[in-house]
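**Q** Sequence:
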Amino acid sequence: MADVLFVLDPLSSINPHADTSYVMITEALRRGHRPFYTTLDGLALRGSQAWAHARALGPASDEPLAPLVDRGEPEPRPLSSFAVVFMRKDPPVDASFIAATWILDRADTLVLNKPAGLRDLNEKLSMLEFPQLIPDTRLLRKISDLRAALDDMGGSMIVKPLLGYGGKEILRAAHGDPNLSTILEIATADETRWTVAQQFIPEASVGDKRILLVEGEPIGAVLRVPAAGELRDNFHAGGQGIATELNEREWLICSVVGPWLRERGQLFAGIDVIGPYLTEINVTSPTGMQEVNRLGGLEGDATMQAKFWDGVEARLTA
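Per our numbering, the very first residue in the sequence shown carries number 7; after that it's consecutive.
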């Protein structure tokens with residue numbers, strides 16, 4: 007039995023029916039651990055020592071999928087007093103998020119995922135380490151550069167904000183669209199922000215595959231299918247999940263990306279694949295556990311959260 011700390015958004019934002027952090031916490035309880043939580047504003051440094059205003063938490067009742075509630079008043083504790091600290095604050099990766107990773111650098115205990123990776127492995131750009139696995143992808147700011155990229159990509163591409171998340175502000179730019187100039191102006195905020203331009207992949211119409219990895223090994227996957235008339239397939243944007251298995255190409259992608267993530271201390275990650283291409287690597291609060299569980303009818307030790315905790319406990323005993 008161990009005290010474990012989760013860095014979360016406010017409890018009211020955690021959906022018991024969908025949130026991956028929820029099942030991570032309930033699995034901790036099932037295994038006899040004592041979960042606590044804090045929010046970003048509860049983190050602090052006292053000199054070089056990292057602290058948190060930590061609250062015990064748990065389900066409001068014994069009913070299935072009961073919401074999480076506080077189980078006591080906040081208690082100032084050094085992060086070193088917890089066996090493991092989980093950084094599960096949702097994006098955006100903004101100034102507050104970055105500052106929190108600096109605090110977590112000084113936790114003097116196991117932190118998952120490793121804070122340096124949370125800072126450095128941008129979800130849109132870290133995949134550039136694997137040019138053989140990805141579609142044509144560029145980081146641009148000038149509209150003239152975006153127009154040139156559109157020409158190079160055959161007249162159709164996706165534009166999305168560098169620090170975007172949850173499917174927000176994803177747009178398709180195409181030759182012949184009378185709104186093309188407006189789309190590029192919106193994407194770059196009139197050339198004031200960096201924009202990721204990515205080759206449009208026709209297989210996107212049948213969805214993208216979220217693959218969950220623990221210690222670099224795939225543990226489950228879900229095919230996210232966009233709603234009718236919708237470009238985006240993110241669950242936050244109304245995408246629907248379909249049970250799926252990995253094909254040969256996806257196993258290859260995992261075999262290349264997984265060890266790279268493990269070496270950088272990213273115990274839990276979600277990678278996205280469309281057709282034959284790796285399109286994103288997600289290390290900041292990846293989602294998908296509950297969808298994989300539900301579609302696969304998984305229970306007990308077969309669930310995604312159980313496999314996650316197997317990895318955590320292996321680290322703790324190593």
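Read the hints as simulated data drawn from the structure, not as lab findings.
Because the structure is a prediction, the values reported are computed rather than measured.
There may be inaccurate statements among the hints.
[Claimed, not checked] Simulated pairs of lysine to any residue, SDA-like, Cα-Cα distance not exceeding 20 angstroms: (1) 120 x 150; (2) 120 x 98; (3) 174 x 258; (4) 313 x 282; (5) 120 x 87.
**Q** Could you run down the list of hints and mark each one as holding or not?
**A** Hints and how they fare:
{"no.": "1", "hint": "120 x 150", "result": "violated (38 angstroms)"}
{"no.": "2", "hint": "120 x 98", "result": "holds (17 angstroms)"}
{"no.": "3", "hint": "174 x 258", "result": "violated (29 angstroms)"}
{"no.": "4", "hint": "313 x 282", "result": "violated (27 angstroms)"}
{"no.": "5", "hint": "120 x 87", "result": "holds (18 angstroms)"}
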